[in-house]
Structures are given as structure tokens and as C-alpha cells.
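Chemist: Sequence:
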Amino acid sequence: MFRAPEFTHPMPFLPLPNPEIWGGIECSVNRIDDQYFDQLLKNGHQTRIQDLEKIAQLGIQTIRYPVLWERIAPTDPGQQDWSWTDERLQFLKDIGMNPIVGLLHHGSGPAYCTFDQLHFPEQFARFARNVAERYPWLTLYNPINEPLTTARFAGLYGHWYPHRRDDAGFCRILINQCKGIVLAMQQIRQIQPAAKLVQTEDLGITYSTKELQYQADFDNARRWLGYDLLCGFVDDKHPLWNYLLDSEIPPEELYFFLENACPPDILGLDYYLTSERYLDHEITKYPSFLVGGNGRHQYVDIEAVRAPIEMAGAEKLLLQAWERYTIPLAVTEVHLGCTREEQMRWFYQAWQTGQKLIAKGVDFRAITAWASLGSFDWNTLLTREVGYYEPGLFDVRSSEPRPTALSFLVKQLLTDQTAVPSVVHEPGWWQRSPAALSHSVTRKPLLIFTNSQAMQVAFATICEERGLANHILSSQLVMDSNQLWELFQLYKPWGVILATEEKSQTHLNLLSSGTNFHLHDISLLVKACQENAVPLLAFSNDFVFDGTKGAPYHEQDPVSPACDSGISKVAAENLILQNLSQALVVRTGALLNPWHAKDFIQLTFEKFTRQESFSIPDHLRFSPSYLPELIHQSLDLFLDQAYGIWHLSNRGEVSWAEFTKGIAFQAGFDKTSIDYWYLRQKEKSSDLPVRSTALTSNKASLMTDFDQALASFWQASSHRYLSV
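Residue 458 in this note's numbering sits at position 456 of the sequence shown; the count goes up by one each step and never skips.
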């Protein structure tokens, strides 16, 4: 088996009691055909220099930061615009943050010099020298991010420009990038001899069925190829030497790396749940679009976390890297696109991995809160702009980036590790069995008070899905302050949720109703939260408005209830917020509930099926709230320590008649008949004043639009409605 030769490394061994935490801003500028996708434009950092101060205030002192070739000299190497970079690097210097500057991040280079061209390394090195000459104080460089991963995506899989799908394309792009890194560091060190190379790459491993073990073995050798080239390990004894020659790489290009070894000063390893892969030759078990192959076998390449195998995990893979290279390590991207507590669990486990490695004598430096401002469209591997957003330390879907629970966790890890939230101690979804219990007796739970069977089902389902320990209590348990005190002492909750509802003809019983939750009960619950210093999340709705504004209502609009239910909601909101200033009150629209067995939609479908005549108002308008999405977003906000009134409804507004028409179309009823029915409703409502209680938010746009919510609702519940 190939083993990397030993060499003396210049970096001193400086073990730390805990790993550092670095920051990083997702800054990919990738190319699809002739279109460039720029993350800095999407996340808004292009125009918000103050983002850097927000990150620094968490205690982060080192940050991966872009000084990107395509942004500084996009059309001509002689025309370089440094103004944006000048301002931001000076700002970082002023606030005491140390940047690890990246010069190419999943980019193919400017249009005049792409990384599949032979002159790319030299031109890239000239740009790197320009950076060093302009900013001689910089000492940490990541010239090209993840060169092997980028070569796979652009040269082997065809996702990114130049959209090659062959070994020759992969090898050419990898060799050019690695040579570019070597030449760039040579140029940089002529200006700044103390410059250090922080070289990032995905930390992966491949498993397979027995029939595909040969392919897994090859993939597992190839995963180190970028680092092996830089370290001068690729000679004629290397297992991939002949592969490179067969892929049209001349031997003299490989000799270059033997003669110009440029071992990284820090191996920056990026570990994701998708980094561990599984190859399965039994293709009939999978959708056809997942099927690929290598010319010898057809197979699917899926995330190992979804396969029936035991994964290695970050600690074992990092130890493999340490044993192979004996170079200081850092995890330079820690990010999980998921719900907030899962993001925290993923980050906390990376922190614990760093602690374990340090305890074992590994020179482990840091973990990185990557995508500090979140990331866009990685669910498509940056191949399409669909607006899919994953928050990071901050959520940028507000006028100003809003700190998330992850930012509070980072600050706690850097100050008081004993104060980390209890939810991080639960296993992540990747570690839970399908039968994971939602009622944990070992961790602090959520206490959920509700008078609605539908809300009980909704919270039980979603809390189990998210691994959130919970106890759901009916309103009948809130009888006196002594009983509440006993409940709080028994369960020691980290949070309390109050989800009440009342009957309303206006909402047409989309959600079943329970008994009223009286203000006296709410006051007892508020007092218990005060005395036990437990945060509260409460739900209200659009009944607090009378619908006469003529535009959607935002959080700062004065309330104007037009019914007893609305008056009750306003009183409850005031009682809560006057006594718990940090409470979170979420207002919703009419709830689209995929779990409820008998509701307005079911009754409507029965009437359509029997061709009965019935009326639905077209003059009453609203914005719905798809219940699963509502609960997910509310829990995220609650974990983010958001407070005050927030509006959470799906974007857009419809009348009840329009809503009925839309859901009938989804169900496949005759379009002509439904259109005729809808015209009759418009006629009946034409002389009535339009009233709209539609909600909008000037705090953040967190919910999907109405059409997407309706599609999700129908996908989740169609089996129930169509079974009648």
C-alpha cells in the first residue's frame, strides 16, 4: 500500500486546550455555460461591510475571506478594481480579524483565462503576486478552494464550466489548479516570506457493494490526489501515476510537483454529511436519474448516511489525514443545511471532534463556522438559481442579518462552554433510528400547551422529526399556579409553547377547534415562565385585524379586531408581551393542516363530487400558513431567541373561493365545472366589500409563496382527500 514519505514541516506544534473557531463567508463564483453565479451578491455581503463586525463580535478572530480573481479582474488582466477589497481588508485589519484570503473559490477563472487552459497556472500566479504586493501584511492564503472537488464537478461530472465528463478533463483541471497553487505561493512568498498555505479540500471516503469495491478503492486513492501533488508525493510509485498518464497528463508536468513541492502549512478539511459516499450496483432500487456508471458497471452514488452501513465519521477521517501527512489540521467548513437544532448539533459535534483530536496529540487548530451568512442554491450544486437558502451564523432574509441560534452557540463555546443549549446534546438525525423517542427523560424538553388535537399531532410529529424532547399538555392541566410550578420542577423545560385556537367561521374550520384557553390560564403560564426564567412561544392569528386596510398587514400595524375571537387574541398578546418582553408571539393566517381528518376541504370535495350547490365567499381574502412549515419556522425563530410579534404566513393572498378553486384543480376535478363554479362565487360576492386579513412581514421573509405551500399541502394530504 502506498504511504506518503516523511518530511520536516515548518509549522511548530502548538496544541490548544480547545480548537479555535474561525468564520467564513460563502463566496463561490461558479460558472454555468457563460453565466456566473456570485454568492456575495445573493447573500448581500457585497454591500454590507458591517457583516464583518457582527461576526467579530461573536469572538471569532480568523475568517476565510474572498479576494477573488473573477471579481477583481473579470474581463482584462490589466483592468483590476481593488476598491471593494481594499475597504474590506482594511476594515478587517482595523477590527483585529485575521483573514485567510481565497483567490479562487469553485471558480474556473476569468473568461480570458479558465482553468482548463495550459497558461492558467502562470496567469493565476501573477494575480496572486498582485494581491501580495497590494496587501503585504497578509500571511494566510487559500489560493484555490477545494481543487479536487472543483475538478470533479467541472471536469468529471459536468456540473460546472467547462462541463467536461471525462478523466482527461478532470486531471487537466486538477493539475492546472495545483500548479497554480504552487506558483502562486512562490510569488506570494517572494513578497511575504512568512506566508502560510491553508489548503482546503473535501474530506471524503467511499464505500460500496462488493461488486464495486474496485471503484471505491480508486475513489479512496483519488481523494488525496490534490494534497499528494502539492506535497511532492506523486512519483512513478504512486497508485495514480499511470492513471494520470493515461488521462493525457505528460510526465514532465508531474515532475514539476516533485521538483517544486509545496506542502500546505495547514490542511483545511471540509467535512459534510454528503462527504461519505456509497456506490450501489443494484440500480433497480433507485430512481433512474440517480443511475451513472464508469463504463464497466452502472451504479448509483448516494450519501452513505442513507445507506445501510456504518460511517467513519469526521474523527476517523481526520486521523487518516493526520497519519498520512502529519500536517496541522483544521476543519475549514462546518455547515449543515437543516433545522436550527440540527445545525447546532452538527457544529457542536465538530467542536467535540476537535477536542478529542487535540487530546490524542493531533495538531488540530480550528473548526470553521462556514457560510456565516448562509448559502444559496447548494441543493442544486450551484447549477440553477432557485433561491433555496440555508442560514448560517446569521440569516440574511431580513433587512439586516439576524443572528441565529448557531451564532449564540459559537459565542458560548468561545466563552462559557457550560451554557450550551440542551438540544445540542441530543443525537442528530444522522444518528437517530426511525423509532427515536420524542419524549426524552434525560434531557430538558419543550413543554407544549394546546387545546387542539390537530396541534398536538402537528407538534408531536415535527418534534419527533427534529429530535426535540417534548411533553404536550392539554389546557385542562393548567388549573392553578401550584400545579404549574410542579410541572416546571418536574420537567425543567428549556422552552414553553402555547398554541391555542378558537372556532371561526371566517377560517372555515381548516383546523379543528378545541375549547377556549382563557386569559386566566395564560396569565398563570406567563407567571410560571417569569418565575422559572423559561422563554415562551405563543401563537396568535390574523383575527386581530378587521381586513379593511386594503393591503397586507405587517407587524407594526395597529390591531383592529372585528370579532370576539380577535378581541381575545389581542388581549392574550398584550398580556404575554407586557409581562414577558422577550416572548415570541407568532401570528398566522388560516392553517393548512395536512394531518387533519375532517375539514372544510373534505366537505367541499364531497359537495363537488355530489355536484351539490354551495357558496364560498370571494370577498374575504387571507394568506394561509402551511402548518408544517409554520411550526418549523416558529421553532427556528424560538431557538434563535427571536422575540416580539412575528407574522408567519405563506406569501401572497387569495380569497376563499380562489383557494377552493386552486385545491380543486390540484385534486383533478373537471376544470370547466370548477371555473363555472368560481364565476358564480365572484358574482355572488361582487356587491360585498372586500376584506383581507392577509399578513406580510417587515422583519423577514421566511415562508414560501402560496403556490408552493399549496403544492406541499396537496402532496402531503392528497391520499386522505382522494380516498373518500
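Hints may contain errors.
Stated by the list, open to error - When the alpha-carbon atoms are kept at most 27 Å apart in a straight line, the in silico DSSO-like pairs for lysine-lysine are as follows:
(1) K212 / K287
(2) K551 / K609
(3) K95 / K198
(4) K56 / K701
(5) K413 / K701
(6) K673 / K609
(7) K358 / K318
(8) K44 / K198
(9) K673 / K686
(10) K684 / K673
(11) K287 / K362
(12) K684 / K609
(13) K551 / K413
No wet-lab data here; the hints were simulated from the structure.
Chemist: Evaluate each hint against the coordinates.
Modeler: So, going through the hints one by one against the coordinates:
1. Our distance criterion of 27 Å between C-alpha atoms is met by K212 and K287, whose separation comes to about 16 Å.
2. Annotation: proposed proximity of K551 to K609 is violated, straight-line Cα distance about 33 Å (limit 27 Å).
3. For the hint pairing K95 with K198, the CA-to-CA distance comes to about 18 Å; that is within 27 Å, so the pair holds.
4. This hinted pair checks out: K56 and K701 have alpha carbons roughly 18 Å apart, not beyond 27 Å.
5. Restraint check: the Cα-Cα separation between K413 and K701 comes to about 24 Å, which is no more than 27 Å; the hinted pair holds.
6. Annotation: proposed proximity of K673 to K609 holds, straight-line Cα distance about 16 Å (limit 27 Å).
7. As the CA atoms of K358 and K318 are separated by approximately 11 Å, the hinted pair is consistent with the 27 Å bound.
8. Only pairs whose Cα atoms come within 27 Å are accepted, and K44 paired with K198 is rejected, the gap being roughly 30 Å.
9. At most 27 Å may separate the alpha-carbon atoms for a hinted pair to count; K673 and K686 meet this at roughly 20 Å.
10. Our distance criterion of 27 Å between C-alpha atoms is met by K684 and K673, whose separation comes to about 16 Å.
11. Among the hinted pairs, K287 with K362 is inconsistent with the structure: their alpha-carbon atoms are about 42 Å apart, more than 27 Å.
12. A hinted pair counts as satisfied when its Cα atoms are at most 27 Å apart, and K684 with K609 qualifies at roughly 18 Å.
13. For the hint pairing K551 with K413, the CA-to-CA distance comes to about 43 Å; that exceeds 27 Å, so the pair is violated.
The structure fails to meet hints 2, 8, 11, 13 from the earlier list, while all remaining hints are met.
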